[in-house]
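J.: Each chain, letter by letter, is given below.
There are 2 protein chains.
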Amino acid sequence: MAVNLTAPDPKDLRPVAGVRLGVAEAGIRKAGRRDLTVISLAPGSRVAGVFTQNRFCAAPVQVCREHLAGEAAPRALVINTGVANAGTGAEGLEAARRTCKAVSQVLGVEPQEVLPFSTGVILEPLPVEKIEAALPALVTNLRPDAWLDAAYAIMTTDTVPKACSRQVRLSDGTVVTITGISKGAGMIRPNMATMLGFVATDARLAKPLLDALVREAADESFNAITVDGDTSTNDSFVLIATGAAMSRELAVSDDEDYRKVRAAVIEVSRWLAQAIVRDGEGATKFITVRVERGASREECRKVAYAIAHSPLVKTAFFASDPNLGRILAAIGYAGIDDLDPAAIRVWLEAEGDSILVAEGGGRASSYREEDGARVMKHAEITVRVDLARGEAAATVWTCDLSFDYVRINAEYRS
Amino acid sequence: MAVNLTAPDPKDLRPVAGVRLGVAEAGIRKAGRRDLTVISLAPGSRVAGVFTQNRFCAAPVQVCREHLAGEAAPRALVINTGVANAGTGAEGLEAARRTCKAVSQVLGVEPQEVLPFSTGVILEPLPVEKIEAALPALVTNLRPDAWLDAAYAIMTTDTVPKACSRQVRLSDGTVVTITGISKGAGMIRPNMATMLGFVATDARLAKPLLDALVREAADESFNAITVDGDTSTNDSFVLIATGAAMSRELAVSDDEDYRKVRAAVIEVSRWLAQAIVRDGEGATKFITVRVERGASREECRKVAYAIAHSPLVKTAFFASDPNLGRILAAIGYAGIDDLDPAAIRVWLEAEGDSILVAEGGGRASSYREEDGARVMKHAEITVRVDLARGEAAATVWTCDLSFDYVRINAEYRS
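In order, the protein sequences belong to chains C and H.
First residue of the first sequence: 1, per my numbering; consecutive thereafter.
First residue of the second sequence: 415, per my numbering; consecutive thereafter.
I should point out that these hints are in silico values taken from the structure, not numbers from a laboratory.
Here the structure is a predicted model, which means the values were calculated and not measured.
A few of these clues could be false.
Below 25 Å or equal to it, Euclidean Cα-Cα: the simulated SDA-like pairs (lysine to any residue) are [claimed, not checked]:
#, chain 1, residue 1, chain 2, residue 2
1, C, Lys30, H, Tyr781
2, H, Lys716, C, Asp338
3, H, Lys444, C, Asp321
4, C, Lys30, H, Arg782
5, C, Lys11, C, Asp145
6, H, Lys716, C, Glu298
7, H, Lys544, C, Arg368
8, H, Lys544, C, Ala364
9, H, Lys544, H, Asn555
10, H, Lys791, C, Asp404
11, H, Lys444, C, Glu370
12, C, Lys30, H, Glu784
13, H, Lys716, C, Glu299
14, C, Lys302, H, Gln467
15, C, Lys302, H, Asp751
16, H, Lys544, C, Glu369
17, H, Lys716, H, Ala757
18, C, Lys130, H, Arg782
19, H, Lys716, C, Gln53
20, H, Lys544, H, Ala504
21, C, Lys30, H, Glu783
22, H, Lys791, C, Glu411
23, H, Lys791, C, Phe403
24, C, Lys30, H, Asp785
25, H, Lys444, H, Lys544
Pairwise CB distance ranges, derived in the manner of DEER restraints [stated by the list, open to error]:
#, chain 1, residue 1, chain 2, residue 2, range
26, H, Lys791, C, Asp340, 45 to 55 Å
27, C, Glu25, H, Ala787, 25 to 35 Å
28, H, Arg448, C, Ser296, 40 to 50 Å
29, H, Asp423, C, Ser296, 53 to 63 Å
30, C, Ala388, H, Arg673, 41 to 51 Å
31, H, Glu784, C, Asp338, 51 to 61 Å
32, C, Glu370, H, Glu712, 39 to 49 Å
33, H, Thr554, C, Asp338, 43 to 53 Å
34, C, Ser296, H, Glu765, 47 to 57 Å
35, H, Ala504, C, Asp254, 48 to 58 Å
36, C, Ala343, H, Gln519, 33 to 43 Å
Now the stretches of chain C that chain H is said to cover, found in silico as 3 or more residues with beta-carbon under 8 Å [as the list claims (entries may be wrong)]:
#, stretch
37, 114-125
38, 301-312
Backbone N, C-alpha and C fix where the C-beta goes; we use that ideal spot for every residue, glycine too.
Produce the entire structure from the sequences given, and follow the hints as far as they go.
T.: See the structure below:
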């Protein structure tokens, strides 16, 4: 059961002018579930994406990179679940291209204007013919208000569909919308991107701004979460700007309207990324790890990820056991050679309760076991670490490690 | 239940001339269990050690480093379980020093000739007075044949005591003995050393050779295992050479007798390290990850550890599910930027059965799911990876991730 996350109310998901969506049951791996999604974009839309750094990156990721690097402006995204089309060699690449071609034919656009995405089991061939068969009916039913359908159709081991919207009013009174969906629950330790995240806005953004924003938003959201430390072969995060809600183009980063849009895009991205952690496989706790006063952001991230990846820390959270020495051990092996253990302070925090746990290289003298136990009982907990060696900071979100993580992943293919 | 590991037969554990051992129930954390061990060494013994790289290293590790760096030759080791004496600040250091002093008084040696070791819960104070109270009776009962008692007394979440012996006959007919013990089951990803490992020989080794050998042996054994990727605060591996079985000193590395001793020391160390993996928390499978034809040993180790640490790979082994894409994904995110996925080959092997799983960036054409399933059913499995880019190789041993890992670590302190 996801941590403080329920399916969104469809009426809270605002259509984005210039975007229509449709889903189908293509029967790609199992029958009777929606497993194919098409997102069609109005002419003039701009798209930027960031993708997995995994060397075994999936065929659709390779095709996406190719199409985004070319001259053609994307007009459609096609997403299948069930089969990841990763570890599939030359045949996999061919299958991804055939998928693009099939979409281009039913929509009347060019194949290189289609971006393909897959998620599911690695090493199995993609049954393209099932996608080709399902597409004609699917595209007759594209609708601007089908965001929740799409959020459901891209789920794999997710238990809750993930979607959210924000609207911002610009200086001239124009209202622009940002709506996004994401999926993912396991194999989650995005590196430059995430499992699958799609955020669209009808703001009009110059391409250089859009390219910068997709990276900023990824860094503040999908690149700051982990469930199990496994970086997927298919991670993709895409930001779409249709421009359909406004005529003026936002082209400079200090434009006040751009700042509003930027803040809302980051907010939506972060919500979607945190939703993946809340729905992390077997998750019962949502943990924020905040590392402050480091010498660099990179070392703060190292410490935060060492804590967030430690199976011992994660099982202690699952057990609501304030076994805090495990947090100190993780800080100690994070790989910062000249770290001074005696200078570090660690707090456990939940709902306004802030408990100093460690200082001076050991347990804080004010610490009482019952205080730690009280904080650990909450479903949302923050571990705050003060490295006392600089001005940088970083935040990582993760979940606990429970029996259900093992059950879900032992049974994944059955 | 440990994987193909049972308590050793006491008669298979050979005394090492110059070494006597004793254990006691000191009641350090729980009553009624042996939790204190003293290993006394004859004059003239030489000792070398390697210790955790964790910045939050335990107080006894700091004192060991100090004493080994000084002029005094060690005459005794004292080991307690229950409390790790890590994350205990200045008081912890004082407690480790008091422990050394107490041992020195009952044995009639100097405090700086005593090496202290602790393992157990982090962040809790060490009750030195309990150790002081138990020592006088303990030292009246030091025996050369108490290796198995010591192996039991250093256990924490271990389910099986770990000890083994080898003997080698030197060129002049002298027989030298190598006997060692180890403990550890969780928080296992040693970095330059392991949880606790003690190996003694009655061979006479020059100090420079001993110093080199402890590192070589650690690299070939404890530094090549992982259970959960957590590097402990207390990892220590110590090699003792009493010299009591021979008068000649082995002083050069190409001496044939030294090579025999060296091989046996490495064999004992590796057996003890593998025993920790076999008894890994919740382990049902013993996995060897062998990475071959890499450009460097370091990159082979990176790939091997990426596979060995992946919770998804580990749960697939637990489920006996040949979900091999997870192995490819782990190779892909191991951090080798210019890796060519199309050149890599991966085999699954067990008891002479060798199945080519992946090649050309995807599933091998000869691969059949039933072959993978057959190999995965074994309790001992090798994953062999050919990187096809050099002559280096590395091996890492690990276990699977089961429900019991979560149960053991969720309940550890209760």
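J.: Now, for every hint given, state plainly whether the structure supports it.
T.: Hint by hint, here is what the structure shows:
Between the alpha carbons of Lys30 (chain C) and Tyr781 (chain H) the distance comes to roughly 23 Å, so the proposed pair stays at or under 25 Å and holds. Restraint check for Lys716 (chain H) and Asp338 (chain C): satisfied, since their Cα atoms lie roughly 23 Å apart, inside the 25 Å limit. Proximity of Lys444 (chain H) to Asp321 (chain C) is assessed by CA-CA distance (about 19 Å); at most 25 Å being required, the pair is judged to hold. For the suggested pair Lys30 (chain C) and Arg782 (chain H), the alpha carbons sit about 21 Å apart, so the restraint of at most 25 Å is met.
Between Lys11 (chain C) and Asp145 (chain C) the alpha-carbon distance is near 9 Å, which keeps this suggested pair within the 25 Å criterion. Restraint check for Lys716 (chain H) and Glu298 (chain C): the C-alpha separation of about 20 Å stays at or below 25 Å, so the hint holds. A threshold of 25 Å between alpha carbons decides the hint, and for Lys544 (chain H) with Arg368 (chain C) the separation of about 23 Å falls inside it, so the pair holds. Only pairs whose Cα atoms come within 25 Å are accepted, and Lys544 (chain H) paired with Ala364 (chain C) is accepted, the gap being roughly 24 Å.
Proposed proximity of Lys544 (chain H) and Asn555 (chain H) is supported: the alpha carbons are some 18 Å apart, at most 25 Å. For the given pair, Lys791 (chain H) sits about 22 Å from Asp404 (chain C) by alpha-carbon distance, which is consistent with the 25 Å threshold. Restraint check: the Cα-Cα separation between Lys444 (chain H) and Glu370 (chain C) comes to about 21 Å, which is no more than 25 Å; the hinted pair holds. Our distance criterion of 25 Å between C-alpha atoms is met by Lys30 (chain C) and Glu784 (chain H), whose separation comes to about 20 Å.
Simply put, Lys716 (chain H) and Glu299 (chain C) have alpha-carbon atoms about 20 Å apart, close enough for the 25 Å limit, and the pair holds. A distance of roughly 16 Å separates the Cα atoms of Lys302 (chain C) and Gln467 (chain H); the hinted pair therefore holds under the 25 Å criterion. Pair hint Lys302 (chain C) plus Asp751 (chain H) holds up; C-alpha atoms about 19 Å apart against a cutoff of 25 Å. For the hint linking Lys544 (chain H) to Glu369 (chain C), the alpha-carbon distance of about 23 Å falls within 25 Å, and the restraint holds.
A threshold of 25 Å between alpha carbons decides the hint, and for Lys716 (chain H) with Ala757 (chain H) the separation of about 18 Å falls inside it, so the pair holds. Only pairs whose Cα atoms come within 25 Å are accepted, and Lys130 (chain C) paired with Arg782 (chain H) is accepted, the gap being roughly 23 Å. Restraint check: the Cα-Cα separation between Lys716 (chain H) and Gln53 (chain C) comes to about 16 Å, which is no more than 25 Å; the hinted pair holds. A distance of roughly 19 Å separates the Cα atoms of Lys544 (chain H) and Ala504 (chain H); the hinted pair therefore holds under the 25 Å criterion.
As the CA atoms of Lys30 (chain C) and Glu783 (chain H) are separated by approximately 18 Å, the hinted pair is consistent with the 25 Å bound. Using a Cα cut-off of 25 Å, the hinted pair Lys791 (chain H) and Glu411 (chain C) holds, with the two alpha carbons roughly 15 Å apart. Restraint check: the Cα-Cα separation between Lys791 (chain H) and Phe403 (chain C) comes to about 22 Å, which is no more than 25 Å; the hinted pair holds. For the given pair, Lys30 (chain C) sits about 23 Å from Asp785 (chain H) by alpha-carbon distance, which is consistent with the 25 Å threshold.
This hinted pair checks out: Lys444 (chain H) and Lys544 (chain H) have alpha carbons roughly 12 Å apart, not beyond 25 Å. For Lys791 (chain H) and Asp340 (chain C), the Cβ-Cβ distance of about 50 Å falls inside the hinted range of 45 to 55 Å, so the restraint holds. Here the CB-CB span from Glu25 (chain C) to Ala787 (chain H) is close to 29 Å, well matched to the stated 25 to 35 Å. The beta-carbon spacing between Arg448 (chain H) and Ser296 (chain C), approximately 47 Å, falls within the hinted interval of 40 to 50 Å.
For the pair Asp423 (chain H) and Ser296 (chain C), the supplied restraint of 53 to 63 Å holds, since their beta-carbon distance comes to about 55 Å. For Ala388 (chain C) paired with Arg673 (chain H), a C-beta distance near 50 Å keeps the hint of 41 to 51 Å intact. For Glu784 (chain H) and Asp338 (chain C), the hinted distance range of 51 to 61 Å is satisfied, since their beta carbons lie about 53 Å from each other. Distance hint check for Glu370 (chain C) and Glu712 (chain H): the Cβ-Cβ separation is about 46 Å, which falls inside the suggested range of 39 to 49 Å.
The supplied range of 43 to 53 Å is met by Thr554 (chain H) and Asp338 (chain C), whose beta-carbon atoms lie about 46 Å from each other. Checked against the hint of 47 to 57 Å, the pair Ser296 (chain C) and Glu765 (chain H) passes, with Cβ atoms roughly 49 Å apart. The supplied range of 48 to 58 Å is met by Ala504 (chain H) and Asp254 (chain C), whose beta-carbon atoms lie about 51 Å from each other. For Ala343 (chain C) and Gln519 (chain H), the hinted distance range of 33 to 43 Å is satisfied, since their beta carbons lie about 36 Å from each other.
Given as covered by chain H, the stretch 114-125 of chain C passes the check, having 4 residues with a CB less than 8 Å from a CB of that chain where 3 are the minimum. A count of 4 residues in the stretch 301-312 of chain C with a Cβ less than 8 Å from any Cβ of chain H is obtained; the coverage claim is therefore met, three being the minimum.
In summary, the structure agrees with every hint in the numbered list given earlier.
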